[in-house]
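Chemist: Residues 1 to 355 (the UniProt record's numbering) make up the sequence shown, in order.
No lab work stands behind these hints, which were simulated from the structure alone.
Every residue gets a Cβ at the ideal spot worked out from N, C-alpha and C, and that includes glycine.
Just so you know, not all the hints are guaranteed correct.
What the hints assert, rightly or not - Think about it this way: if two alpha-carbon atoms lie no more than 30 Å apart in a straight line, the pair counts; the simulated DSSO-like pairs of lysine-lysine are:
#, residue 1, residue 2
1, Lys250, Lys123
2, Lys339, Lys291
3, Lys348, Lys265
4, Lys203, Lys250
5, Lys167, Lys95
6, Lys339, Lys265
7, Lys265, Lys123
8, Lys203, Lys291
9, Lys203, Lys167
10, Lys250, Lys95
11, Lys95, Lys203
12, Lys203, Lys265
13, Lys123, Lys348
14, Lys348, Lys291
15, Lys265, Lys95
16, Lys291, Lys265
17, Lys250, Lys339
18, Lys291, Lys123
19, Lys348, Lys203
20, Lys265, Lys250
21, Lys167, Lys250
22, Lys339, Lys95
Said to hold, decoys possible - Here are the computed distance ranges between Cβ atoms for each label pair:
#, residue 1, residue 2, range
23, Tyr316, Leu355, 27 to 35 Å
24, Ser247, Pro115, 35 to 43 Å
25, Lys339, Pro138, 33 to 41 Å
26, Asp313, Leu236, 30 to 38 Å
27, Leu235, Pro96, 20 to 28 Å
28, Gln112, Leu176, 31 to 39 Å
29, Pro317, Leu253, 23 to 31 Å
30, Pro138, Gly197, 41 to 49 Å
31, Leu263, Gly312, 19 to 27 Å
32, Gly258, Glu154, 32 to 40 Å
33, Lys339, Ser120, 22 to 30 Å
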Amino acid sequence: MFTLSIQRWWVVQKVRKKKYKKVMARGQPEASQYLSFSASPACSFPLLSHLPLKMRSIFFIFIILGLFNYASSEEEKQEGFCSAPSVLSLESKSKPMYWKVDNPTLSPFHLQDLPGFTRSVYKRDHALITPESHVYSPLPDWINTSGAYLISPEAGSHFVMYLAKLKEHSRSGQPLHDVERFFFVLHGAVTLTYAPGVSHILKVDSYAYLPPDFEHSIECDAAATIVVFERRYSLLRGHVPELVVNSTDKQPLLETPGEIFELRKLLPTSLAYDFNIHIMDFQPGEFLNVKEVHYNQHGLLLLEGQGIYRLGDSWYPVQAGDAIWMAPFVPQWYAALGKTPSRYLLYKDVNRSPL
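Assemble the whole structure, with the sequences as input and the hints as a guide.
Modeler: See below:
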């Protein structure tokens, strides 16, 4: 529409210019009426009639350029900021899986000029542990490895959850007696060895479950990060858990009646296992339908995305890298926000009576 108006104006000016030259050649006084150019039939510029024709043409060229720039800017506004990929989305596509866990959008670096500020919260029935609050120290019996405990029995849980950062030539220690271990690779690759000549290389999104008193070692030659869950095994007569080594992408999607998120369970659902690890995926705008209140405990690590988590009567903005502890019967609910999908890893005790 804008281009058509310019074309019409330009045709009018050419016609007027030809008439002006003919009239001037005849020496008729009516020539003055052709000295007033207009951008449209309804708009004229009588104050410019005293200017030479060439100067008026230059003036209108500047007006046209200005209007063109204005029209272009208006078109960009109409497209909206959602129409173009953000720097964040472009950057995310070029990074490895789960890189946001170690490099959150709101990182400790961004908060260094806010002394004393943290998003972490600890309450009787829940805790939000954010990256700027992590305290790393050498892990007992581990070699060349530092860890940050995020959840432990001191807070009321029956399990521990910690991040382990393995450096070059690192090696894990053995869990305590009767303690089972689950670990999930967030960055890099590790080698799991549990018998002479038997080993597995686990990369990002791979995991392993080690039954209680199962001798093994986790090693790596380059930097790697894993999240670890450990708990004292709750014995059930006649049932013995077995070693599990697998990856998320090999697990089937399970039905979630009444819900729209995607669910994968990383461990077998048989009675031998007293906990399971869930991977839950939400598209932006999706949320839990059920506002859960139950006896099970949870340990959660947000792997990707961002959203709002309700815990009790509090509502927390959360992002990749945040960890959450949920005590029994705390009201809980999640909604995914932003432009990218959310994925979190969730510990849940199962197959045992609360008595």
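Chemist: Are the hints correct? Go through all of them and say.
Modeler: Each hint, compared with the structure:
1. Lys250 x Lys123: violated (37 Å)
2. Lys339 x Lys291: holds (24 Å)
3. Lys348 x Lys265: holds (10 Å)
4. Lys203 x Lys250: Measuring from Cα to Cα gives roughly 14 Å; hence the hint holds.
5. Lys167 x Lys95: Roughly 21 Å between the alpha carbons, so the hint for Lys167 and Lys95 holds.
6. Lys339 x Lys265: holds (25 Å)
7. Lys265 x Lys123: holds (29 Å)
8. Lys203 x Lys291: violated (34 Å)
9. Lys203 x Lys167: Given that 30 Å is the threshold and the Cα spacing comes to 15 Å, the pair holds.
10. Lys250 x Lys95: Holds: Lys250 and Lys95 sit about 22 Å apart, inside 30 Å.
11. Lys95 x Lys203: Holds - the C-alpha atoms of Lys203 and Lys95 are around 15 Å apart, at most 30 Å.
12. Lys203 x Lys265: holds (18 Å)
13. Lys123 x Lys348: holds (20 Å)
14. Lys348 x Lys291: holds (16 Å)
15. Lys265 x Lys95: At roughly 26 Å apart (the allowed maximum being 30 Å), Lys95 and Lys265 satisfy the hint.
16. Lys291 x Lys265: The given pair, whose Cα atoms are some 20 Å apart, holds under the 30 Å limit.
17. Lys250 x Lys339: holds (26 Å)
18. Lys291 x Lys123: Measuring from Cα to Cα gives roughly 19 Å; hence the hint holds.
19. Lys348 x Lys203: holds (24 Å)
20. Lys265 x Lys250: holds (10 Å)
21. Lys167 x Lys250: holds (28 Å)
22. Lys339 x Lys95: holds (16 Å)
23. Tyr316 x Leu355: 27 to 35 Å: holds (32 Å)
24. Ser247 x Pro115: 35 to 43 Å: holds (42 Å)
25. Lys339 x Pro138: 33 to 41 Å: Holds, since Lys339 and Pro138 (Cβ atoms, about 39 Å apart) stay within the stated range.
26. Asp313 x Leu236: 30 to 38 Å: holds (36 Å)
27. Leu235 x Pro96: 20 to 28 Å: violated (39 Å)
28. Gln112 x Leu176: 31 to 39 Å: holds (37 Å)
29. Pro317 x Leu253: 23 to 31 Å: Check passed, 28 Å falls within 23 to 31 Å.
30. Pro138 x Gly197: 41 to 49 Å: violated (30 Å)
31. Leu263 x Gly312: 19 to 27 Å: For Leu263 and Gly312 the Cβ distance comes to about 24 Å; the hint holds.
32. Gly258 x Glu154: 32 to 40 Å: Holds: the Cβ-Cβ distance is about 36 Å, inside 32 to 40 Å.
33. Lys339 x Ser120: 22 to 30 Å: holds (26 Å)
Hints 1, 8, 27 and 30 from the earlier list are contradicted by this structure; the remaining hints agree with it.
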